[in-house]
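Novice: In case you want the letters, here they are:
2 protein chains.
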Amino acid sequence: MPQEPAPKLEDPDSVIARLRSSEIIPTTQRVEIGQILFASPQHLSAEQILERLSAAGRRVSKATVYNTLNLFAARGLVRQINVDPARTCFDSNTRMHYHFHNLDTGELTDVDVPAIEFSRLPNPPAGTELAGVEIVIRVKRKAG
Amino acid sequence: MPQEPAPKLEDPDSVIARLRSSEIIPTTQRVEIGQILFASPQHLSAEQILERLSAAGRRVSKATVYNTLNLFAARGLVRQINVDPARTCFDSNTRMHYHFHNLDTGELTDVDVPAIEFSRLPNPPAGTELAGVEIVIRVKRKAG
DNA sequence: TTCCTTGCAAAACTTTTGCATTAAA
DNA sequence: TTTAATGCAAAAGTTTTGCAAGGAA
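Sequence lines, in order, name chains H and L. For the first sequence, the working numbering assigns the number 117 to the initial residue and increments by one for each residue that follows. For the second sequence, the working numbering assigns the number 117 to the initial residue and increments by one for each residue that follows.
None of these hints come from the bench; they were simulated from the model. Beta carbons: idealized from backbone N, C-alpha and C, even for Gly. Keep in mind that a hint or two might mislead.
Computed, partial: chain H to chain L, Cβ under 10 Å [claimed, not checked]: (1) Pro142; (2) Gln145; (3) Gly222; (4) Thr225; (5) Ser235; (6) Thr244; (7) Ile251; (8) Lys258.
With a cut-off of at most 20 Å between alpha-carbon atoms, the simulated SDA-like pairs for lysine to any residue come out as follows [said to hold, decoys possible]: (9) H:Lys258 to H:Ile197; (10) L:Lys256 to H:Asn239; (11) L:Lys256 to H:Arg191; (12) L:Lys178 to L:Pro142; (13) H:Lys256 to H:Tyr214; (14) H:Lys124 to H:Ser208; (15) L:Lys178 to L:Asp207; (16) L:Lys256 to H:Asp220; (17) L:Lys256 to H:Lys124; (18) L:Lys124 to L:Ser156; (19) L:Lys256 to H:Pro240; (20) H:Lys256 to H:Lys124; (21) H:Lys256 to L:Lys124; (22) H:Lys258 to L:Glu245; (23) L:Lys258 to L:Met212; (24) H:Lys258 to L:Pro240; (25) L:Lys258 to L:Asp207; (26) H:Lys258 to L:Ala242; (27) H:Lys258 to H:Glu223; (28) H:Lys256 to L:Glu250; (29) H:Lys178 to H:Leu166; (30) L:Lys256 to H:Gly243; (31) L:Lys256 to H:Ile197; (32) H:Lys258 to L:Lys256; (33) L:Lys256 to H:Thr225; (34) H:Lys124 to H:Pro157; (35) L:Lys124 to L:Gln164; (36) H:Lys256 to L:Ala242; (37) H:Lys256 to H:Ala189; (38) H:Lys256 to L:Gly248; (39) L:Lys124 to L:Glu139; (40) L:Lys256 to H:Lys256.
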């Protein structure tokens, strides 16, 4: 019987280098979490990371997973995404990009910057300046 | 001494008509909540609605506020907004529009559709169709 | 009367925190 | 050795739910 392929993990040394260059002390747990997140561009909740850790035979406490994700986010190693009010997602793709959000499945898909082009954008309110543009294109199963 | 002006309330009959046309039974509590929400285009959390209710001398249980907001959202009378992972906001402006999000204050400001114009948008993934485009323009206090 | 809604308290969740223990440099 | 991170359990916060009591048609 076909077996669920184990999700591939990023090379630990590469994760360590990445953490050090963000001035983050590379503890065992942080590296393990980084190996999961940085293996590919993806969107994971804290709970999903815990699942993948335990699937990989590693035990990391829930508190540490949250601490680590918040630390990574504060240092720009991941980006927080709020599409589902029930849980926060962390996006390991730190290049600028947008998202498709499938309303039926909850799935997020990246949209590269060149796929969207503005011909007009409003000026920020007085006293403020642009900090970023976030776009979520909601899609649903095609009626048919 | 200047007094905090009581936020104005929408006319009850107008709220009742609105609920009926969405096939929602206009109970006392639903009308009271509608009077707050529909008084002007605004973005309110469940907690803020409870505050305004009690400021107006009305008592509605927390459970009913949540039930009502979810009902209104399901019927398209308000739109749910997820910018703050800690709480869900409900937007009583149901016309299509976008938002400025002030990162320093958390404040949301409407951006009308004509203020943004696309010259290119990606095709939805195979098997899906467009359901909506959500844009949040993040702004911060101007450095100076 | 019949069906639906409300209110309360408790439950369910996600996320944060305090503190003793352990690991990193 | 000194400083910082981990793990646990408890706490905090928002949202949901079960059920008895009350309101709408």
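Novice: Compare the structure with each hint and give your call.
Specialist: Each hint tested on the structure:
The closest approach between the C-beta of H:Pro142 and any C-beta of chain L is roughly 27 Å, which is over the 10 Å cut-off, so the hint fails. The beta carbon of H:Gln145 is not positioned within 10 Å of any beta carbon in chain L (closest approach about 23 Å), and the interface hint is therefore violated. Interface restraint check for H:Gly222: the shortest CB-CB distance to chain L comes to about 13 Å, outside 10 Å, so the restraint is violated. Hint status for H:Thr225 relative to chain L: holds, with the closest Cβ pair at about 6 Å, below 10 Å.
Because the smallest distance between the Cβ of H:Ser235 and any Cβ of chain L comes to about 4 Å, under 10 Å, the interface hint for this residue holds. Annotation: interface hint on H:Thr244 holds; nearest CB of chain L at approximately 4 Å, less than 10 Å. Annotation: H:Ile251 was flagged as interfacial toward chain L, and the flag holds, the nearest CB pair being 5 Å apart, inside 10 Å. Given hint, H:Lys258 at the interface with chain L, holds; its Cβ is 5 Å from that chain's nearest Cβ, closer than 10 Å.
Taken as a hint, the H:Lys258 and H:Ile197 pair is broken in the structure, with Cα atoms around 25 Å apart against an allowance of 20 Å. Taken as a hint, the L:Lys256 and H:Asn239 pair is honoured in the structure, with Cα atoms around 13 Å apart against an allowance of 20 Å. For a cut-off of 20 Å, the pair hint linking L:Lys256 to H:Arg191 stands: about 18 Å separates their Cα positions. About 18 Å separates the Cα atoms of L:Lys178 and L:Pro142, which keeps this hinted pair within 20 Å; it holds.
A distance of roughly 17 Å separates the Cα atoms of H:Lys256 and H:Tyr214; the hinted pair therefore holds under the 20 Å criterion. A distance of roughly 15 Å separates the Cα atoms of H:Lys124 and H:Ser208; the hinted pair therefore holds under the 20 Å criterion. Straight-line distance between C-alpha atoms of L:Lys178 and L:Asp207 comes to about 19 Å, which keeps the hinted pair within the 20 Å bound. This hinted pair does not check out: L:Lys256 and H:Asp220 have alpha carbons roughly 33 Å apart, beyond 20 Å.
A threshold of 20 Å between alpha carbons decides the hint, and for L:Lys256 with H:Lys124 the separation of about 38 Å lies outside it, so the pair is violated. With a C-alpha separation of about 9 Å, the suggested pair L:Lys124 and L:Ser156 falls inside the 20 Å cut-off, and the hint holds. Restraint check for L:Lys256 and H:Pro240: the C-alpha separation of about 9 Å stays at or below 20 Å, so the hint holds. Between the alpha carbons of H:Lys256 and H:Lys124 the distance comes to roughly 30 Å, so the proposed pair goes past 20 Å and is violated.
Taking the CA atoms of H:Lys256 and L:Lys124, the gap is near 38 Å; set against the 20 Å cutoff, the hint is violated. Pair hint H:Lys258 plus L:Glu245 holds up; C-alpha atoms about 5 Å apart against a cutoff of 20 Å. For the proposed pair L:Lys258 and L:Met212, the alpha carbon gap of about 28 Å is over 20 Å, so the pair is violated. A distance of roughly 10 Å separates the Cα atoms of H:Lys258 and L:Pro240; the hinted pair therefore holds under the 20 Å criterion.
As the CA atoms of L:Lys258 and L:Asp207 are separated by approximately 26 Å, the hinted pair breaks the 20 Å bound. For the hint pairing H:Lys258 with L:Ala242, the CA-to-CA distance comes to about 9 Å; that is within 20 Å, so the pair holds. Taking the CA atoms of H:Lys258 and H:Glu223, the gap is near 15 Å; set against the 20 Å cutoff, the hint holds. At roughly 14 Å between alpha-carbon atoms, H:Lys256 and L:Glu250 fall within 20 Å of each other, so this suggested pair holds.
About 7 Å separates the Cα atoms of H:Lys178 and H:Leu166, which keeps this hinted pair within 20 Å; it holds. A hinted pair counts as satisfied when its Cα atoms are at most 20 Å apart, and L:Lys256 with H:Gly243 qualifies at roughly 8 Å. With a C-alpha separation of about 18 Å, the suggested pair L:Lys256 and H:Ile197 falls inside the 20 Å cut-off, and the hint holds. Note on H:Lys258 and L:Lys256: the hinted pairing is violated, with a Cα-Cα distance of about 38 Å set against a maximum of 20 Å.
About 27 Å separates the Cα atoms of L:Lys256 and H:Thr225, which puts this hinted pair outside 20 Å; it is violated. Distance hint between H:Lys124 and H:Pro157 is fulfilled; the C-alpha atoms sit about 12 Å from each other, no more than 20 Å. Taken as a hint, the L:Lys124 and L:Gln164 pair is honoured in the structure, with Cα atoms around 15 Å apart against an allowance of 20 Å. Restraint check: the Cα-Cα separation between H:Lys256 and L:Ala242 comes to about 11 Å, which is no more than 20 Å; the hinted pair holds.
Distance restraint check for H:Lys256 and H:Ala189: the Cα-Cα separation of roughly 29 Å exceeds the 20 Å cut-off, and the hinted pair is therefore not satisfied. This hinted pair checks out: H:Lys256 and L:Gly248 have alpha carbons roughly 9 Å apart, not beyond 20 Å. Proximity of L:Lys124 to L:Glu139 is assessed by CA-CA distance (about 25 Å); at most 20 Å being required, the pair is judged violated. Proposed proximity of L:Lys256 and H:Lys256 is contradicted: the alpha carbons are some 33 Å apart, above 20 Å.
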